[in-house]
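Protein chains in written order, with the UniProt record's numbering: chain D, 1 to 145; chain Z, 1 to 145; chain W, 1 to 145; chain S, 1 to 145; chain H, 1 to 145; chain C, 1 to 145.
I should point out that these hints are in silico values taken from the structure, not numbers from a laboratory. It cannot be assumed that every hint is accurate.
[As the list claims (entries may be wrong)] Listed below are the simulated DSS-like cross-link pairs for lysine-lysine, each with C-alpha atoms no more than 25 Å apart in a straight line:
id	chain 1	residue 1	chain 2	residue 2
1	D	Lys-39	C	Lys-99
2	D	Lys-115	Z	Lys-39
3	H	Lys-99	C	Lys-39
4	H	Lys-115	H	Lys-88
5	S	Lys-88	S	Lys-99
6	D	Lys-40	C	Lys-99
7	S	Lys-99	W	Lys-40
8	D	Lys-99	H	Lys-39
9	H	Lys-115	W	Lys-40
10	Z	Lys-55	S	Lys-39
11	W	Lys-115	H	Lys-39
12	D	Lys-39	C	Lys-115
13	H	Lys-40	Z	Lys-40
[As the list claims (entries may be wrong)] Over the 10 Å line for every Cβ pair with chain S, so calculated as not near, a few chain Z residues:
id	residue
14	Gly-27
15	Arg-81
16	His-103
17	Ser-143
Backbone N, C-alpha and C fix where the C-beta goes; we use that ideal spot for every residue, glycine too.
Take a look at the letters that make up each chain.
Number of protein chains: 6
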Amino acid sequence: MLLLQANIDDMNPELCSYVGDRLFEAGANDVYWIPIIMKKGRPGVMLNVLADEAKLAQVEDIIFRETTTIGLRYMRATCHRLGRQFRKVETPWGAISVKAGYHNGTMVQFAPEFKECEQAALTYGVPLKQVYDEVRRLFLNESNN
Amino acid sequence: MLLLQANIDDMNPELCSYVGDRLFEAGANDVYWIPIIMKKGRPGVMLNVLADEAKLAQVEDIIFRETTTIGLRYMRATCHRLGRQFRKVETPWGAISVKAGYHNGTMVQFAPEFKECEQAALTYGVPLKQVYDEVRRLFLNESNN
Amino acid sequence: MLLLQANIDDMNPELCSYVGDRLFEAGANDVYWIPIIMKKGRPGVMLNVLADEAKLAQVEDIIFRETTTIGLRYMRATCHRLGRQFRKVETPWGAISVKAGYHNGTMVQFAPEFKECEQAALTYGVPLKQVYDEVRRLFLNESNN
Amino acid sequence: MLLLQANIDDMNPELCSYVGDRLFEAGANDVYWIPIIMKKGRPGVMLNVLADEAKLAQVEDIIFRETTTIGLRYMRATCHRLGRQFRKVETPWGAISVKAGYHNGTMVQFAPEFKECEQAALTYGVPLKQVYDEVRRLFLNESNN
Amino acid sequence: MLLLQANIDDMNPELCSYVGDRLFEAGANDVYWIPIIMKKGRPGVMLNVLADEAKLAQVEDIIFRETTTIGLRYMRATCHRLGRQFRKVETPWGAISVKAGYHNGTMVQFAPEFKECEQAALTYGVPLKQVYDEVRRLFLNESNN
Amino acid sequence: MLLLQANIDDMNPELCSYVGDRLFEAGANDVYWIPIIMKKGRPGVMLNVLADEAKLAQVEDIIFRETTTIGLRYMRATCHRLGRQFRKVETPWGAISVKAGYHNGTMVQFAPEFKECEQAALTYGVPLKQVYDEVRRLFLNESNN
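One chain only, chain D, in its complex shape (with noise of 0.2 Å):
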């Protein structure tokens, strides 16, 4: 896996979004912006992007065309990723997916898919991290049993 990083300081940064949005079209399995303070003191930011080292190319061309950097760099990084399981838990508010992951066979993480809680609290009027809370609660009574 590569690591891209491209230091912007002249950038209207209202593209920043959209410029993500490219990346991942383009197959980068992450693009994460970071403040940074440039040469003379101005406020930029640090473009990341995490890509197999196939698709170098074509993020090479997102960034330089979609952004107003004349550089970048890269970075050889080694990634490990939780094997990953999804459940369904029924709700008030519907079936909610939960997406646990897994280290060395035990379950370590599990969360809410924040896109069905986003349109379950919508449709019904209920506060986001309540439908979080009780998805958590839900899940957890379940594995408990």
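Place chains Z, W, S, H and C on chain D using the hints.
Chains Z, W, S, H and C in isolation, oriented as in the chain D frame:
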């Protein structure tokens, strides 16, 4: 004193230091930038300007002329600035000023003047932090006698 | 106008954009987040909401319902928004709106509408920054004649 | 309530947590730090302190004694803190307190006490997030019956 | 040495310091957090851990057990740590250690030990910055003779 | 190319720009600072330097001499810089250079030279953003014919 604020998400950050210089020229007492996250997760900056009410029109003019904001807000703030005195310290690299701040008659702050320390470091090829340390040591040695 | 603030150190940051959407829906004039460092060095965020005094109760309701804060504060702020006009520019990718801001009768700002530029970029497969540049160029060419 | 602010660009950041502790001791209601960019692009921090007007002199004393600022400003702020109740939940790792916040008679927040969860995690060798999840689950199970 | 990184956008930030303590206990050489902006503009944090390759499994275990990440990555890094010596300085508040760092045989750094300065400040009711200044002055006075 | 990093939590931030200048002088290709949160929640900064391997010793010397860090680390990075050409544009305020960047034979970037635009804005009393806009417009008008 007024604290003026403008959120900016569509300006080339290269302009920040120039904008700051113009605002100080127009009589602003302080100018600083806060990294913020705006609508749709855009990384923006909030320009902050402290200025006397009498300077409001001039400061507003510069903010609208030199940045890309279409609005600003201001709040009333009470400022408390320490009484200050300058003293010279003789160092191996010439005399360097120290700014001392007094609170209720007691010296609570002292700081070597950055510009003079920087100049000494450049002229004599010593690390800047060493100049700072030496000025502080000599200033304290004198104060202790 | 009121500026409401709530410091939050125990909320899942995934919720931020959702909270922002609900606040805009309830009539907030602006919503933004400032990264802060809280007690015991915890990385938190400060939610900031600008709203008319008349909306105070509704905005408070949403802040308490949708975030995990147990307190908020507000200050009075005076806002100055530029008068604005919209103008259409004919581009190779259709007509795109430009928002112009006027200060004391002079146009001091102009900005292509993000959503329309984004749509043009996606539809025609051109870099978004090129759409922006072209809209700005055409707008200025017209204004100069 | 007053919100005091001091911009600091020449202080060893190691001192921040110590300064915060002294301010809480002197009766501050909240203390937090905002990363900012100051004159000449220097990365600084803005100290923020919320305190009753009656504590102004003491809080000022500590700010001037313990930080390197030579000035501060303050604004008046109106605070709204939720009514709070504490409840104990029986867990496999002993009883743990939950702080609940009430807005217009409805419970809108609940949060396990950090210190007690941390102690349980350390004593029993369980992940802290698991303690949190379990306390929240048990609290909600009780509230639902 | 390995640099491990995990991007986290759905964890209660209260957990950060606890996670850091566990990682140091497990043999990490350094732990720090970088504020980042993730997918959909979410304000997240990137956990960074420096550790010997021999500690990789233990450090990974803690990251997956104690944070909410479902993936991490690591890069190889070469570290250069200065040779260090500790020296005691006699102060009005007892002996306080100073850590000196040597580069190519020359002392390039010296820093009073934070914990000891903090203890002296608390015990004697002196400003912490004054303790620092005094320790540095005495250390330099000795070195100059 | 090497990417050197040093985490700093006990340095006066005033020194940052000076340190950057010295590093560029010593042949660094880029220097930038990332705000980070260090042990015990201290707000620190991470110095980042990009430099050729041949410059490693000199860059290390400056980092240890001019900052307060007692360690640094470096990683190998591959850099990709666009081919660049400079072109002059005739403006009402004199000729101003534009730097253009080429990727696979296509111009993907162009940026007016900051220093020249700033000089024009200061000399003629025009807003800097207007100089930028005009240079970009004229550059594009020429490219389109």
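Now the hints, each set against the structure:
no.	hint	in the structure
1	D:Lys-39 <-> C:Lys-99	holds (18 Å)
2	D:Lys-115 <-> Z:Lys-39	holds (19 Å)
3	H:Lys-99 <-> C:Lys-39	holds (18 Å)
4	H:Lys-115 <-> H:Lys-88	holds (14 Å)
5	S:Lys-88 <-> S:Lys-99	holds (9 Å)
6	D:Lys-40 <-> C:Lys-99	holds (19 Å)
7	S:Lys-99 <-> W:Lys-40	holds (19 Å)
8	D:Lys-99 <-> H:Lys-39	holds (18 Å)
9	H:Lys-115 <-> W:Lys-40	holds (16 Å)
10	Z:Lys-55 <-> S:Lys-39	holds (19 Å)
11	W:Lys-115 <-> H:Lys-39	holds (19 Å)
12	D:Lys-39 <-> C:Lys-115	holds (13 Å)
13	H:Lys-40 <-> Z:Lys-40	holds (7 Å)
14	Gly-27	holds (15 Å)
15	Arg-81	violated (4 Å)
16	His-103	violated (4 Å)
17	Ser-143	holds (16 Å)
Hint violations for this structure: numbers 15 and 16, all remaining hints satisfied.
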